[in-house]
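Which chain is which? The protein sequence lines are A and B, in order.
My numbering applies: residue -1 is where the first sequence begins, and numbers increase by one.
My numbering applies: residue -1 is where the second sequence begins, and numbers increase by one.
None of these hints come from the bench; they were simulated from the model.
Check each hint, because a few of them may be wrong.
Where chains are identical, the list cannot tell them apart; a pair therefore holds if satisfied intra-copy or between any two copies.
[Claimed, not checked] Derived lysine-lysine pairs resembling DSS-like cross-links, with alpha carbons at most 25 Å apart:
no.: 1; residue 1: K115; residue 2: K98
no.: 2; residue 1: K98; residue 2: K114
no.: 3; residue 1: K115; residue 2: K185
Source: prediction; values computed, not measured.
2 protein chains.
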Amino acid sequence: MNRLYHYPLSPFSRKVRLALGEKRIEVELVEERYWEQGIEFLRRNPAGQVPVLRMNGRHYCDSQAICEYLDEAVPTPPLFPRDTEGRYEVRRLCAWFDDKFHREVTAKLMGERVFKKLRGGGVPDSAAVKAGSRDIKTHLGYMTFLLESRRWLAGNDMTLADFAAAAQLSCLDYVSDVPWDKYEAVKDWYAKIKSRPAFRSILADQVPGFRPAVHYADLDF
Amino acid sequence: MNRLYHYPLSPFSRKVRLALGEKRIEVELVEERYWEQGIEFLRRNPAGQVPVLRMNGRHYCDSQAICEYLDEAVPTPPLFPRDTEGRYEVRRLCAWFDDKFHREVTAKLMGERVFKKLRGGGVPDSAAVKAGSRDIKTHLGYMTFLLESRRWLAGNDMTLADFAAAAQLSCLDYVSDVPWDKYEAVKDWYAKIKSRPAFRSILADQVPGFRPAVHYADLDF
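Extracted from the complex, chain A is given alone in its bound form (with noise of 0.2 Å):
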């Protein structure tokens, strides 16, 4: 049996469960709590994080290679488009939510209010989740441009870097950080990925201590 390593609020897992979903790969979820470091999780991926996908007796970690392998091992259906500046486009997103959304609005908004709580990391950095607050609505802001002459974010087809964004949101969304109403193209978009069968062990998470939000598994949110 395939096995994923993750942790239900990590955004980088959720992209790698959305990819696995779409391509129907069954996989058992194994949650970790990555920053304890165990030594068996070390061995399986040195780096330390997750998610790692166990497949064929083979481990396989950071969120971009994994996808881009299963996307070479299993091609259908496809996170690509076919054309190299179509992939070019999805690679550039997924690196646009993967780092820098990350770095600007999750990690400070999910770094400090939750994963600081759950390491034992001490008080949120008010700055920090101000920072984030603010940030959120510039990305938000560029994503209503893209989807201004798209119907998905890199193009008029659905790809990895949906999935890249969506992993961003759904855990901000779980914790009720997510301006929607003013951002009415992003929700209608949320609206449509969150509806795929893939999502749905997504929407089921539950990490206890943080109550989701009440429209978090809504699809008519």
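For chain A, the structure is supplied; the task is to place chain B on it using the hints.
The following block gives chain B in isolation, referenced to the frame of chain A:
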């Protein structure tokens, strides 16, 4: 003419310069003080980072997305092996050096002592410098481990993973921050990659206010 907006001591710019050089794609290099975030530069790349490649009238950004694009658009010589497992390993290691090595080592050593000075950001944080000096040894140890069973970092052929690693290390080597002598296998690997024609322009880099280490451009260092 193709053009690369870059900064000499940006490892991500160097990674793309190495990929371009290996593929013999000529570009005009335009130095960009990207942290000043001019409006023209943000139009080329809303993420506000270097490198940005202008090619065939379009702009491309994010070093990994650019290199993947170059490899698809100009397949020879390849930056990745042909097999899926091998391609995964290259991408895993690119993420290792671009994310983990950069965050734990380059951002601490270069960020504190070079970029803070360039940007006028105050005195170096000595705890960060100390952590970077400690963690580079762990990374050089990991590279030694990889090179025990491989000729290059990701396997027996030179790939983008080698460029990602050499891009980080060559920046640190400019300011003499690499304890080569204790890591012979890594030193031998670096001497091999340093002698590639693609490396020449990198060895000629000069940053005002920071003189390169004496051995920096020496192929028999």
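Structure-based check of all given hints:
{"no.": "1", "hint": "K115 <-> K98", "verdict": "both (23 Å within a copy, 24 Å between copies)"}
{"no.": "2", "hint": "K98 <-> K114", "verdict": "both (20 Å within a copy, 20 Å between copies)"}
{"no.": "3", "hint": "K115 <-> K185", "verdict": "neither (29 Å within a copy, 43 Å between copies)"}
The structure is inconsistent with hint 3 alone, although it conforms to all the rest.
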